[in-house]
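Could you put together the complete structure from these sequences and hints?
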Amino acid sequence: MRIIENIDAYVGQPCVATIGFFDGVHKGHRCLIDQVCNVAADKGLESVLITFREHPLKVLYPQKAPFLLTTAEEKSNLLAETGADNAAVLDFTRRLSEMDARSFMKNILKEKLNVRILVIGYDHRFGHDRNCGFADYVRFGKEMGIDVINAEALEIDGGVVSSSAIRSLLLNGDASGASSMLGYDYFIEGTVVGGFQNGRKIGFPTANVAVASSDKLIPANGVYAVRADVDGERYNGMLNIGMRPTFANGSNRSIEVFLFDFSGNIYSEHIRIEFFRRIRDEKKFACIEELKMQLEADEHECRTLMRMQ
Numbered sequence: 000m001r002i003i004e005n006i007d008a009y010v011g012q013p014c015v016a017t018i019g020f021f022d023g024v025h026k027g028h029r030c031l032i033d034q035v036c037n038v039a040a041d042k043g044l045e046s047v048l049i050t051f052r053e054h055p056l057k058v059l060y061p062q063k064a065p066f067l068l069t070t071a072e073e074k075s076n077l078l079a080e081t082g083a084d085n086a087a088v089l090d091f092t093r094r095l096s097e098m099d100a101r102s103f104m105k106n107i108l109k110e111k112l113n114v115r116i117l118v119i120g121y122d123h124r125f126g127h128d129r130n131c132g133f134a135d136y137v138r139f140g141k142e143m144g145i146d147v148i149n150a151e152a153l154e155i156d157g158g159v160v161s162s163s164a165i166r167s168l169l170l171n172g173d174a175s176g177a178s179s180m181l182g183y184d185y186f187i188e189g190t191v192v193g194g195f196q197n198g199r200k201i202g203f204p205t206a207n208v209a210v211a212s213s214d215k216l217i218p219a220n221g222v223y224a225v226r227a228d229v230d231g232e233r234y235n236g237m238l239n240i241g242m243r244p245t246f247a248n249g250s251n252r253s254i255e256v257f258l259f260d261f262s263g264n265i266y267s268e269h270i271r272i273e274f275f276r277r278i279r280d281e282k283k284f285a286c287i288e289e290l291k292m293q294l295e296a297d298e299h300e301c302r303t304l305m306r307m308q
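Heads up: the sequence shown at position 76 corresponds to 75 in numbering that gives the first Met the number 0, and the numbers run straight through without jumps.
If you are wondering where the hints come from, they were derived from the structure by calculation, not from laboratory data.
Here the structure is a predicted model, which means the values were calculated and not measured.
The beta carbon of each residue, even a glycine, is placed where N, CA and C say it ideally should be.
It is possible that some hints are incorrect.
[Stated by the list, open to error] In silico PhoX-like cross-links for lysine-lysine, where the CA-CA straight-line distance does not exceed 25 Å:
| no. | residue 1 | residue 2 |
| --- | --- | --- |
| 1 | K109 | K141 |
| 2 | K42 | K141 |
| 3 | K291 | K200 |
| 4 | K200 | K283 |
| 5 | K215 | K57 |
| 6 | K215 | K63 |
| 7 | K105 | K42 |
| 8 | K105 | K63 |
| 9 | K282 | K200 |
| 10 | K42 | K109 |
| 11 | K111 | K63 |
[Said to hold, decoys possible] Each pair of labels, with its calculated beta carbon distance range:
| no. | residue 1 | residue 2 | range |
| --- | --- | --- | --- |
| 12 | R279 | S96 | 37 to 45 Å |
| 13 | R279 | D146 | 33 to 41 Å |
| 14 | R93 | D41 | 37 to 45 Å |
| 15 | A40 | S267 | 42 to 50 Å |
| 16 | L95 | C286 | 55 to 63 Å |
| 17 | R279 | N106 | 26 to 34 Å |
| 18 | N37 | F284 | 27 to 35 Å |
| 19 | K63 | K283 | 47 to 55 Å |
| 20 | T190 | E110 | 38 to 46 Å |
Laid out in structure tokens, this is it:
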């Protein structure tokens, strides 16, 4: 995939395009992108995915901006897997947000990117205040030689697949539900950092993880069955997100992962963690021995889940 960073310097071939932030590059996005690629192949045109560096809400209403399913780099890597020819990455600015839909189609889609066919996501709106709809886009397109197609929504188990739906699932701890909509297990990436060594003292040495991006969504507190990639190796494990209520270690939320069948020092190493399933809430235990017994049960459950997969 070619990444178009500067559309002002871009001289493109006639193309089929779609527009979106594509957070998570989930099954709904992939269904839309497949349609773009299929139409492009049928018409002998290139395919272009038009996206933005910044989430629009982060620019317009920062206090309302959601945590994200994917960082810019993660999103770029996932989009590259879709088979589309190009991704045009635009800066979402206040000036761009004030451009009406017709001007956006003429100045950006037609004149800058040479779009001949535009495939619109089922609920996608663009232009100032998003006050135009599909019929308007079709009308504007006829004026400037752009055919506009409306894609259908993708539903799974009666729910429409969307980035906001996936965020809601993760914030409620439903990692497996999120996986079914994403098409892959939700993941975070970061660096292994030093901690309080509480787990090591009771036979469960954990790696504390500092997530690379402050914009990245962290799932709900609790214990999860996970997979981790670190130092070129892949491990099953269990992970706790929360406040460590059994220990008096402060009030900061932490992410700690216990890798099965691993011994070694991975401080400062990069780690990628995939969330398979949440097995329980975080709890405060009356004593350390009670916590240890629960961790042993958690390990058994997580190992069993991984073997069953």
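Verification of the supplied hints:
no.: 1; hint: K109 - K141; verdict: 12 Å, holds
no.: 2; hint: K42 - K141; verdict: 18 Å, holds
no.: 3; hint: K291 - K200; verdict: 10 Å, holds
no.: 4; hint: K200 - K283; verdict: 17 Å, holds
no.: 5; hint: K215 - K57; verdict: 13 Å, holds
no.: 6; hint: K215 - K63; verdict: 15 Å, holds
no.: 7; hint: K105 - K42; verdict: 21 Å, holds
no.: 8; hint: K105 - K63; verdict: 30 Å, violated
no.: 9; hint: K282 - K200; verdict: 19 Å, holds
no.: 10; hint: K42 - K109; verdict: 17 Å, holds
no.: 11; hint: K111 - K63; verdict: 31 Å, violated
no.: 12; hint: R279 - S96: 37 to 45 Å; verdict: 43 Å, holds
no.: 13; hint: R279 - D146: 33 to 41 Å; verdict: 52 Å, violated
no.: 14; hint: R93 - D41: 37 to 45 Å; verdict: 38 Å, holds
no.: 15; hint: A40 - S267: 42 to 50 Å; verdict: 46 Å, holds
no.: 16; hint: L95 - C286: 55 to 63 Å; verdict: 58 Å, holds
no.: 17; hint: R279 - N106: 26 to 34 Å; verdict: 53 Å, violated
no.: 18; hint: N37 - F284: 27 to 35 Å; verdict: 55 Å, violated
no.: 19; hint: K63 - K283: 47 to 55 Å; verdict: 33 Å, violated
no.: 20; hint: T190 - E110: 38 to 46 Å; verdict: 44 Å, holds
Checked against the numbered hints above, the structure breaks hints 8, 11, 13, 17, 18, 19 and satisfies the rest.
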